Each structure stands twice: as structure tokens, then as C-alpha cells.
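**Q** Residue strings, one per chain:
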Amino acid sequence: MSETPLLDQVPDGPWPSFVREIRKTAEGMEKAKAEGKDVKMPGCAKGLLKQLEISYKDKKTHWKHGGIVSVVGYGGGVIGRYSDLGEEIPEVHHFHTIRVNQPAGWFYTTKALRQLCDAWEKWGSGLTNMHGSTGDFVYLGTKSEHLQPLFEEMMQMDPPFDIGGSGSDLRTPSACMGPALCEFACYDTLDLCYDLTMEYQNELHRPMWPYKFKFKLSGCPNDCVAAKARSDFAIIGTWKDDIQIDQEAVKEYAKWMDIENEVVKLCPTGAITWDGNELKIDNKNCVRCMHCINKMPKALKPGKERGATVCIGAKAPCVEGAIIGWVAIPFIPADKLKERVKEIVEPLWEWWDDEGKFRERVGEFLWRKGMGEFLRVIGQDADVRMIKHPRTNPFMYFEKSELRPSKVVEEHTKRGMKFKTLEREEEEE
Amino acid sequence: MATEKPSWWKTDFGPPKYDLFLPEVVKKNYGKWAYHEVIRPGVIKRVAESGDTVYTIRFGTPRLISIYTIRELCDIADKYCDGHLRWTSRHNVELITTDESKIDDIIKEVQETTGFPCGGTWDAPHAKYGLSNIIHTQGWVHCHTPAIDASGIVKAIMDELYEYFTEMKLPALCRISLACCANMCGAVHASDISIVGIHRTPPLVDDDAVRRMCELPTTAASCPNAAIKVKAKEKTLEVDGEKCMFCGNCYTMCPGMPLFDPENDGAAVLVAGKVSGARHDPELSKVVVPWIPNEPPRWPTLVSTIKKIFLAWANNAKKHERMIEFIERIGWERFFELADLEFSWHLIDDFRVPPFAYASYRVGTNFRW
Ligand code: HEM
Ligand code: HEM
Ligand code: SF4
Ligand code: SF4
Ligand code: SF4
Ligand code: SF4
Numbered sequence: 019m020s021e022t023p024l025l026d027q028v029p030d031g032p033w034p035s036f037v038r039e040i041r042k043t044a045e046g047m048e049k050a051k052a053e054g055k056d057v058k059m060p061g062c063a064k065g066l067l068k069q070l071e072i073s074y075k076d077k078k079t080h081w082k083h084g085g086i087v088s089v090v091g092y093g094g095g096v097i098g099r100y101s102d103l104g105e106e107i108p109e110v111h112h113f114h115t116i117r118v119n120q121p122a123g124w125f126y127t128t129k130a131l132r133q134l135c136d137a138w139e140k141w142g143s144g145l146t147n148m149h150g151s152t153g154d155f156v157y158l159g160t161k162s163e164h165l166q167p168l169f170e171e172m173m174q175m176d177p178p179f180d181i182g183g184s185g186s187d188l189r190t191p192s193a194c195m196g197p198a199l200c201e202f203a204c205y206d207t208l209d210l211c212y213d214l215t216m217e218y219q220n221e222l223h224r225p226m227w228p229y230k231f232k233f234k235l236s237g238c239p240n241d242c243v244a245a246k247a248r249s250d251f252a253i254i255g256t257w258k259d260d261i262q263i264d265q266e267a268v269k270e271y272a273k274w275m276d277i278e279n280e281v282v283k284l285c286p287t288g289a290i291t292w293d294g295n296e297l298k299i300d301n302k303n304c305v306r307c308m309h310c311i312n313k314m315p316k317a318l319k320p321g322k323e324r325g326a327t328v329c330i331g332a333k334a335p336c337v338e339g340a341i342i343g344w345v346a347i348p349f350i351p352a353d354k355l356k357e358r359v360k361e362i363v364e365p366l367w368e369w370w371d372d373e374g375k376f377r378e379r380v381g382e383f384l385w386r387k388g389m390g391e392f393l394r395v396i397g398q399d400a401d402v403r404m405i406k407h408p409r410t411n412p413f414m415y416f417e418k419s420e421l422r423p424s425k426v427v428e429e430h431t432k433r434g435m436k437f438k439t440l441e442r443e444e445e446e447e
Numbered sequence: 524m525a526t527e528k529p530s531w532w533k534t535d536f537g538p539p540k541y542d543l544f545l546p547e548v549v550k551k552n553y554g555k556w557a558y559h560e561v562i563r564p565g566v567i568k569r570v571a572e573s574g575d576t577v578y579t580i581r582f583g584t585p586r587l588i589s590i591y592t593i594r595e596l597c598d599i600a601d602k603y604c605d606g607h608l609r610w611t612s613r614h615n616v617e618l619i620t621t622d623e624s625k626i627d628d629i630i631k632e633v634q635e636t637t638g639f640p641c642g643g644t645w646d647a648p649h650a651k652y653g654l655s656n657i658i659h660t661q662g663w664v665h666c667h668t669p670a671i672d673a674s675g676i677v678k679a680i681m682d683e684l685y686e687y688f689t690e691m692k693l694p695a696l697c698r699i700s701l702a703c704c705a706n707m708c709g710a711v712h713a714s715d716i717s718i719v720g721i722h723r724t725p726p727l728v729d730d731d732a733v734r735r736m737c738e739l740p741t742t743a744a745s746c747p748n749a750a751i752k753v754k755a756k757e758k759t760l761e762v763d764g765e766k767c768m769f770c771g772n773c774y775t776m777c778p779g780m781p782l783f784d785p786e787n788d789g790a791a792v793l794v795a796g797k798v799s800g801a802r803h804d805p806e807l808s809k810v811v812v813p814w815i816p817n818e819p820p821r822w823p824t825l826v827s828t829i830k831k832i833f834l835a836w837a838n839n840a841k842k843h844e845r846m847i848e849f850i851e852r853i854g855w856e857r858f859f860e861l862a863d864l865e866f867s868w869h870l871i872d873d874f875r876v877p878p879f880a881y882a883s884y885r886v887g888t889n890f891r892w
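Chains A and B are the protein sequences, given in the same order. Under my numbering, the first residue of the first sequence is numbered 19, with each subsequent residue one higher. Under my numbering, the first residue of the second sequence is numbered 524, with each subsequent residue one higher.
No lab work stands behind these hints, which were simulated from the structure alone. Values in this document were obtained by computation on a predicted structure and should not be read as measured data. Do not rely on the hints blindly, as some may be mistaken.
[Stated by the list, open to error] Subject to a maximum C-alpha distance of 16 Å in a straight line, what follows is the list of computed EDC-like cross-link-like pairs (lysine to aspartate or glutamate):
#1 B:528 x A:170
#2 A:129 x B:542
#3 A:230 x A:378
#4 A:319 x B:560
#5 B:528 x A:278
#6 A:75 x B:818
#7 B:540 x A:176
#8 B:842 x A:278
#9 A:319 x B:572
#10 B:842 x A:276
#11 A:316 x B:572
#12 A:129 x B:605
#13 A:75 x B:560
#14 B:841 x A:278
#15 A:129 x B:598
#16 A:129 x B:601
#17 B:651 x A:276
[To be verified] What the simulated footprint calls covered on chain A by chain B, stretch by stretch (three residues with Cβ under 8 Å from a Cβ of chain B suffice, anywhere in the stretch; the number is not a length):
#18 114 to 124
#19 128 to 141
#20 194 to 200
#21 242 to 248
Even glycine gets a Cβ: it sits at the ideal position worked out from N, Cα and C.
Modelling step: build the complete structure from the supplied sequences, incorporating the hints.
**A** Now the structure itself:
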């Protein structure tokens with residue numbers, strides 16, 4: 019009888035099977051060992067199968083809390099993991115993962131991937147995640163004592179691979195493929211992603227904040243890396259001027275496409291008209307949603323005045339509920355992005371680091387502190403594009419200078435009364 | 524410990540710069556692409572202003588993949604693609620070639636060696652959309668807090684929806700994602716259909732473990748509902764079951780607060796989130812099925828529920844209409860009917876009192892029957 023009767027049922031059906039991948043690894047590692055290769059953990063993948071079978075039987079995980087494990091000089095990037103079946107299945111007693119910082123846009127050469135595979139055949143389980151949901155290349159499962167030698171091997175690869183983020187630090191930034199392959203890219207996502215990653219290596223490798231912080235970069239509002247939902251700081255390409263139209267190409271589409279029903283009527287603001295001959299866009303009324311451009315990529319292009327919108331605060335529901343990022347900076351021109359993003363994010367980090375509560379994401383922190391304070395900290399003017407509609411309650415704080423001189427104010431001041439309106443200006447001074 | 528570091532020693536050197544890994548044709552036409560066309564499921568033709576053309580050929584993977592599979596993919600990329608390949612944001616792999624005549628061979632070889640299917644693309648101009656891969660997390664394969672497995676459920680669902688991946692016969696994009704606990708490491712809170720692992724019982728305090736491993740005040744403070752009291756004298760913690768909503772935050776802080784119950788852990792199903800701005804603003808996903816039990820290895824109840832929801836949308840949505848647009852047109856009352864789902868009191872938000880919960884209540888008397 020099979021040792022894994024439940025897992026044996028997983029490969030049923032046409033979709034590629036993770037169980038098959040684990041089995042293939044188990045066989046490959048044993049074979050490599052038999053061929054005399056230096057394989058430190060030949061039984062690890064097989065051990066994982068044993069443990070998973072037990073989880074499938076028990077309907078629960080058998081992984082324990084990770085302790086803190088890392089490599090010399092770094093505080094993050096490794097997720098410590100131990101099995102609660104360590105005595106029964108010593109092969110997976112330690113099963114730590116290493117987040118390897120992926121190249122922006124997930125482009126690889128086979129030469130680089132083979133080096134990553136060779137090192138992992140030697141030092142780890144031979145299992146990977148391509149990729150983790152933050153974007154890292156994930157080495158799945160090794161022992162504490164292998165972390166350091168493996169990282170040293172990564173340093174010597176050509177080109178070398180570094181470790182990504184985990185814990186309360188900057189998480190590995192990730193980007194859509196942008197200008198590498200996509201005609202919609204409104205700024206260079208790969209270049210900015212690389213630039214931010216390099217600039218903030220210290221923040222990435224050494225947890226130091228109340229909680230994690232994520233940058234994700236999409237070249238246009240289609241948002242192929244789901245930045246608006248998954249990153250504290252989403253940089254989404256957009257444009258300010260008119261959509262570029264090639265009327266001849268529109269006519270080509272018109273030969274087979276129902277432009278009236280599929281483009282004109284689906285524009286959320288009714289900004290498009292089509293008389294069978296000319297497509298007109300009321301650009302004053304266009305919200306840059308991308309629908310018409312997606313429909314007619316040969317005929318329509320984003321405008322020429324390009325840049326990005328920054329949305330702030332997105333996160334999953336723990337603790338205060340899920341948040342989709344909201345507009346913090348409506349537009350930064352493409353050629354100012356590197357500079358401006360840093361000018362905004364550094365004071366934000368400093369403020370959040372000083373006043374944020376333990377495990378409070380930036381989105382929750384800003385809810386607590388208010389948008390007014392935030393705009394002050396980052397030196398940004400308020401813009402009507404930041405809101406769906408203006409506030410529905412009148413409970414506002416003003417600045418001291420906005421109050422008129424009055425007897426009441428004098429009296430409050432004399433009595434040493436503190437209220438937000440007065441304090442706000444004190445901070446300013 | 525004054526050991527001399529070797530000459531190659533370095534830290535904080537960052538990832539390889541992306542341009543080292545770009546194919547020649549991509550470097551040459553970087554930022555100068557003119558348009559793209561999906562020429563068949565899985566194959567996108569991209570044409571540059573220079574007239575240069577590349578084909579990206581997309582294959583679904585199980586995300587958890589073996590180094591031996593990666594090497595097989597490398598062999599194929601060496602043979603046909605000058606040693607270049609890339610991964611996508613949804614666990615798919617893409618081989619890149621400038622030679623149209625190689626496409627059939629690439630597809631055949633990838634399928635024969637790895638078993639990975641070609642597909643996962645969508646053709647907006649022709650309103651023919653394929654289903655992409657399910658973004659997912661670790662589950663029982665690697666994490667300590669899951670309420671459900673990840674890979675096994677994804678496999679069972681994708682087996683059932685396979686034809687929608689390899690063909691393009693959906694009316695619009697449909698993003699499916701899965702997270703194995705409420706931490707939601709995947710993008711499940713903004714997907715057309717999502718599956719989230721939930722616990723239903725409070726942590727079972729392990730006094731001994733709490734004493735050995737946990738900082739009492741930080742653990743108590745980690746509870747969003749203030750359900751944890753420090754019992755200073757006994758040096759342990761106590762949970763107020765009335766207040767606990769089973770989020771697992773305390774367990775993340777302290778191994779002495781496990782909240783696993785194999786019979787009561789399970790999956791909630793959410794729908795109608797989205798991230799792209801096309802036509803409709805981004806939206807959070809909303810719970811439509813409160814709980815489905817864990818049924819390894821093939822999760823039949825969960826799979827059939829997902830399929831019901833998926834088909835209710837796929838068979839009734841108009842062209843380009845994503846789940847949220849579809850439901851806003853027909854109304855939630857009709858959606859529950861079409862998807863054959865029961866609406867129960869669990870689905871009315873009572874987690875937070877106003878303004879958070881109130882924002883989701885219907886104001887006025889405009890409803891459909
Ligand atoms: C309170 C919130 C969260 C907590 C406590 C949390 C905790 C964890 C833990 C413990 C792991 C380790 C899983 C393993 O053993 O490999 C993990 C993995 C991961 N988490 Fe989270 N997580 C949270 C939210 C998120 C969110 C919102 C994202 C992404 C937007 C995310 C992205 C990831 C990624 C990429 C991994 C690597 C494994 C994977 O890809 O599934 N996490 N998280
Ligand atoms: C030139 C046009 C486009 C290109 C080159 C492009 C490229 C990509 C790629 C390569 C992926 C990963 C795909 C996968 O693994 O299945 C992706 C994902 C995605 N794309 Fe696009 N895309 C384009 C247009 C669109 C359009 C028209 C939309 C929406 C209407 C869109 C929204 C998304 C979303 C939401 C994801 C998934 C993000 C996630 O959840 O991880 N993209 N895109
Ligand atoms: S987000 Fe926009 S620019 Fe980036 S790949 Fe998607 S469609 Fe292209
Ligand atoms: S981008 Fe969207 S809003 Fe603007 S014209 Fe096109 S469909 Fe309308
Ligand atoms: S969603 Fe929860 S259980 Fe799944 S990997 Fe993330 S933290 Fe672990
Ligand atoms: S599971 Fe969540 S709600 Fe329950 S006690 Fe722990 S932190 Fe509090």
C-alpha cells in the first residue's frame with residue numbers, strides 16, 4: 019500500500035500538480051546523491067510528502083511558529099519554520115524558507131536560474147516557489163546551519179543574488195514588466211523598482227519599523243501586480259493630457275468590432291463618441307480607466323504627459339479591515355519619480371516609526387492620524403482627487419492662524435487650554 | 524572574533540539589475556512597443572515601433588516547483604529562446620521568442636516535459652477572455668497559521684476550470700485567489716472570486732507555552748477586539764470568548780495561543796473585488812459563503828461552490844463585465860439566486876459598528892425582487 023494514499027489523489031485531473039513536483043524533487047535529489055553530488059538534504063522533499071500526508075489526514079498544519087533565523091548581518095529575509103513532527107520526520111525538522119530578491123519584472127536568464135538551482139540542490143530541499151506573493155523567488159525548506167553557506171554561495175554567483183525582506187521592514191519591491199514588453203507603460207517600472215530597492219537596502223534587510231511596508235509598481239491603471247490592493251505605497255502609471263488616437267487604426271477595428279456597444283457605452287464617464295468615421299474623446303471627462311485603450315491597443319495610446327499616481331495604505335484585513343490604497347499624490351511626472359518618491363516616503367517612514375503603534379500598518383496609522391497631518395508631513399497640497407466626496411460631518415480642526423483673534427481664544431490661551439487647532443500650529447513653529 | 528572576510532564577501536548588494544536578463548529584442552525595443560495581439564490562447568504577439576516582433580508563450584504552473592522542473596524549462600529556453608524566460612505576477616511562466624515558427628515546438632516540449640498547460644491570456648479587443656492562474660499562499664506546505672491548505676485546493680479548482688485556462692471563452696477577466704488564513708498573504712481582498720481560510724474557535728491557551736515563550740502585554744495588545752486579559756498572578760493569558768473573532772493575531776505573536784480545530788476550520792468564499800481601474804473603480808471582495816469545511820484531498824464542496832459562482836457569472840455576464848459590474852447590474856438579490864447560494868445573517872457586517880459597517884448597509888428603498 020502507498021505511504022501517501024491521500025496525496026496520491028491530488029494529481030487527478032489536468033492541472034499541474036504540486037505533489038508531482040515534490041515527488042519529482044524527492045527522486046531527483048536521491049538520484050543526485052547516488053551519483054555522488056554534494057547534496058546535503060536528499061530526503062527533505064520526501065519528508066515533506068510524509069508530513070503533508072499527515073496534514074491531509076488530520077486537516078491541520080504541522081508547522082510550528084518560526085524562531086528568528088537569519089544570515090550574518092541581516093535581520094529579515096528568512097522565514098524560520100520547524101515541524102511539530104520533528105521526531106517522526108527528522109528530514110523536515112527544520113524547514114526554513116529564504117526569500118531571494120527577484121529581478122524586477124521577473125525576467126531571468128537560464129544561466130542565472132541554473133546557478134540558483136545548483137546551490138539549492140546542494141544546500142536545500144530542491145523545492146521552490148516561483149514566486150511568493152510579495153514577488154520574491156522563494157527557496158522552500160532548509161536547515162539553520164545551511165543558511166549562511168548558501169547565502170555565501172549566492173554572493174559569488176554571476177550575477178550575485180541577494181536576500182529579500184521579511185518581518186517589520188521594507189518588503190521586496192516588485193514591478194510589472196512595464197516598458198520591457200508593454201506598450202501601456204507610462205513610466206519605467208523596472209528602473210524605478212531597481213532604484214528604490216538599491217536605495218533602501220538597509221531598510222530591506224534590517225527590520226526596524228512598527229510593521230512591514232510594501233512598494234509595488236504598475237505602469238498603468240490596469241495594475242498587473244495588484245499594487246492598489248497589496249502595497250502600502252502603490253505607484254501607478256497614468257497620464258494627464260489627451261489619449262493619442264490613430265483614426266485609421268480605429269477604422270480598421272470598426273470593420274469587425276462593435277465600437278458603439280463595446281467601447282463607447284462601456285466608458286464609465288460617457289466620454290467617447292463614434293460617428294462611424296471619427297472617434298472623439300472628451301479628455302476633460304476621461305478618468306483614465308484604460309478600458310478603451312485595452313479594447314483598441316493599435317489605435318489608442320495613453321497621452322504623452324506621463325507619470326504616476328501614488329496610492330497609499332493598502333493592506334489585507336488584519337487588523338482594522340482591508341483597505342484599497344487611496345490617492346496620496348495625484349500625479350508625479352515620470353522624470354521626477356525617483357526624486358519625489360524618496361522625498362515623500364522618507365518623512366513618512368520617520369513619522370510612522372516615531373508614532374506608529376506596534377504592528378500598525380501605514381494605512382491604519384494614517385486613519386488614526388488623519389489625512390491633514392499626513393499631507394503636512396509629506397509637504398503635499400490637498401487635492402480634490404484624493405476623495406470620493408468631501409466629508410459629511412463638520413467636525414474639523416483648523417490652524418491657529420485661521421482662528422480670528424477673540425476674547426475666548428485669549429481666555430483659553432490664558433488658562434493653558436490645549437486643543438488640536440492650537441497644538442497644530444505649535445508643532446509647525 | 525576577528526576573522527577576515529573573503530574578498531567576495533558582500534551584503535546589501537541587491538538583486539541583479541533587470542537589464543542583465545532582458546532578451547536582446549526587448550533591450551532594443553525597451554519602452555518602444557506599439558501594440559500587442561493575442562494570437563491564440565497563451566500566445567501574445569508584441570510588435571514594436573521598429574517593426575520587431577516577439578511572442579510570449581504563457582504556461583500555468585503549480586507555483587511550488589522543483590529545481591528539476593526549472594532546469595527542464597531552462598533546457599527548453601536554451602534550445603528555443605536564447606536562454607531567456609520570465610515569470611508573471613500570477614505564478615505563470617513565459618517563454619519568449621522572436622521566431623513564430625518555434626511556437627508549436629515550444630508548447631509541445633513544455634507540455635511533454637513539465638505538464639504545464641499553455642493559456643491564461645485574454646484578448647480584450649475580441650472580448651474573449653481566458654482564466655489566469657490562482658494566486659495563492661503556503662497552506663499546509665509551509666505555514667504555521669493556515670485554516671485550510673492552499674496548493675491542494677487550487678489544484679482541485681483548476682482541474683475543474685481547466686478548459687477556461689486553455690481556451691478564451693469567458694466574457695471578461697475573472698481573477699481567482701486564495702489565502703489560507705485571514706492574514707491574506709495573497710491578493711484575496713480584491714479579486715473576482717476568493718477563498719480565505721477562517722478559524723471558528725478561540726485560541727486554546729497553552730499556559731506552559733505562554734509562560735515559556737510569550738510576552739504577555741504585547742500578546743494581549745495584539746488582539747484587535749481587546750479579548751485577551753493578562754492574568755498577572757498566574758503569568759498567563761485568558762481569552763474572552765465573547766469578544767474573540769478568531770483572527771489569529773495573538774497566535775502570530777505567541778505560540779501559546781493555538782486556534783486550530785480540524786473540524787471547525789474551513790474556507791469562506793468572497794466575490795466581486797477588482798484592482799484594475801478599467802470601467803469600474805477598484806473594489807474590495809465581499810463574503811458570500813460563510814464557511815465550507817476542509818475536505819482533503821479534493822475539497823468537493825468547496826470546488827462545486829466555486830464552480831457554481833463562476834458559471835453563474837460566466838453564463839450571464841455581458842461582454843467585459845467583471846463580477847462586480849455584473850452584480851451591480853443584476854443586484855445582489857439576483858446574484859444569490861443565480862449562484863444558488865443561501866444568504867444568511869453571517870453575511871451582514873457586524874464586525875465594527877459605524878462608520879465601517881454602516882457604509883455597507885443599503886440606504887433607502889431601492890431594491891429588486
Ligand atoms: C497581518 C498580516 C500578515 C501576517 C501576520 C503574515 C504572516 C505571514 C507568515 C507567517 C508567512 C510565512 C508563511 C510561510 O511559512 O512560508 C507569510 C508569508 C507570506 N506573506 Fe504574509 N502575512 C500577512 C499579510 C501578508 C500580506 C497582506 C501579504 C501580501 C500582500 C503577504 C505576503 C506574504 C508572502 C509573499 C509570503 C511568502 C509566502 C507566500 O508567497 O505565500 N503577507 N506571511
Ligand atoms: C498590453 C496589455 C497588457 C499586458 C502586457 C499585461 C500584462 C500582464 C501580465 C504579464 C500579467 C501576469 C499574467 C498572468 O500571470 O496571467 C498580468 C496580470 C494582470 N493584468 Fe495585465 N496586461 C495587460 C493588460 C491588462 C488589462 C487589459 C487588464 C485589465 C483590464 C490587466 C489587468 C491585470 C491584472 C488584474 C493582472 C493580475 C494581477 C494579479 O492579481 O496578480 N492587464 N498582466
Ligand atoms: S500594469 Fe499596465 S503597463 Fe504594467 S504590464 Fe500591466 S498593462 Fe502593462
Ligand atoms: S480611458 Fe476609460 S474613461 Fe477614458 S475615455 Fe477611455 S473608457 Fe473612457
Ligand atoms: S495567508 Fe496566513 S496561513 Fe497562508 S501563508 Fe499567509 S500567514 Fe500563512
Ligand atoms: S484570535 Fe484574534 S480576536 Fe481572538 S483572541 Fe486572538 S487576537 Fe483576539
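**Q** Residue 528 of chain B and residue 170 of chain A were given as a pair; does the straight-line alpha-carbon distance stay at or below 16 Å?
**A** holds (11 Å)
**Q** Is the coverage entry for the region 114 to 124 of chain A by chain B consistent with the three-residue Cβ rule at 8 Å?
**A** holds (count 7)
**Q** Given the hinted pair residue 528 of chain B and residue 278 of chain A, is their Cα-Cα distance within 16 Å?
**A** Violated, at roughly 68 Å.
**Q** Has the region 194 to 200 of chain A got at least three residues whose CB is nearer than 8 Å to a CB belonging to chain B?
**A** Coverage by chain B holds here, the residue count being 6 at a Cβ distance below 8 Å.
**Q** Under the criterion that the straight-line Cα-Cα distance not exceed 16 Å, is the pair residue 129 of chain A, residue 605 of chain B satisfied?
**A** holds (11 Å)
**Q** Checking one constraint from the list: CA of residue 75 of chain A to CA of residue 818 of chain B, max 16 Å. Satisfied?
**A** Between residue 75 of chain A and residue 818 of chain B the Cα gap is close to 10 Å, so the pair holds against 16 Å.
**Q** Next pair to validate is residue 319 of chain A with residue 572 of chain B; report whether the Cα-Cα distance is within 16 Å.
**A** holds (13 Å)
**Q** Taking 16 Å as the top limit, are the C-alpha atoms of residue 129 of chain A and residue 542 of chain B close enough?
**A** Between residue 129 of chain A and residue 542 of chain B the Cα gap is close to 14 Å, so the pair holds against 16 Å.
**Q** Does residue 276 of chain A lie within 16 Å of residue 842 of chain B when you go C-alpha to C-alpha?
**A** holds (11 Å)
**Q** Verify the proposed pairing of residue 841 of chain B with residue 278 of chain A, using a straight-line Cα cut of 16 Å.
**A** Holds: residue 841 of chain B and residue 278 of chain A sit about 15 Å apart, inside 16 Å.
**Q** Using a Cβ cutoff of 8 Å, are there at least 3 residues of the region 242 to 248 of chain A near chain B, or does the coverage claim fail?
**A** holds (count 7)
**Q** With the threshold set at 16 Å, check whether the alpha-carbon distance from residue 230 of chain A to residue 378 of chain A stays at or below it.
**A** Satisfied, since the Cα-Cα distance of roughly 9 Å is no more than 16 Å.
Going down the numbered hints, you'll see the structure goes against 5, 13, while the others check out.
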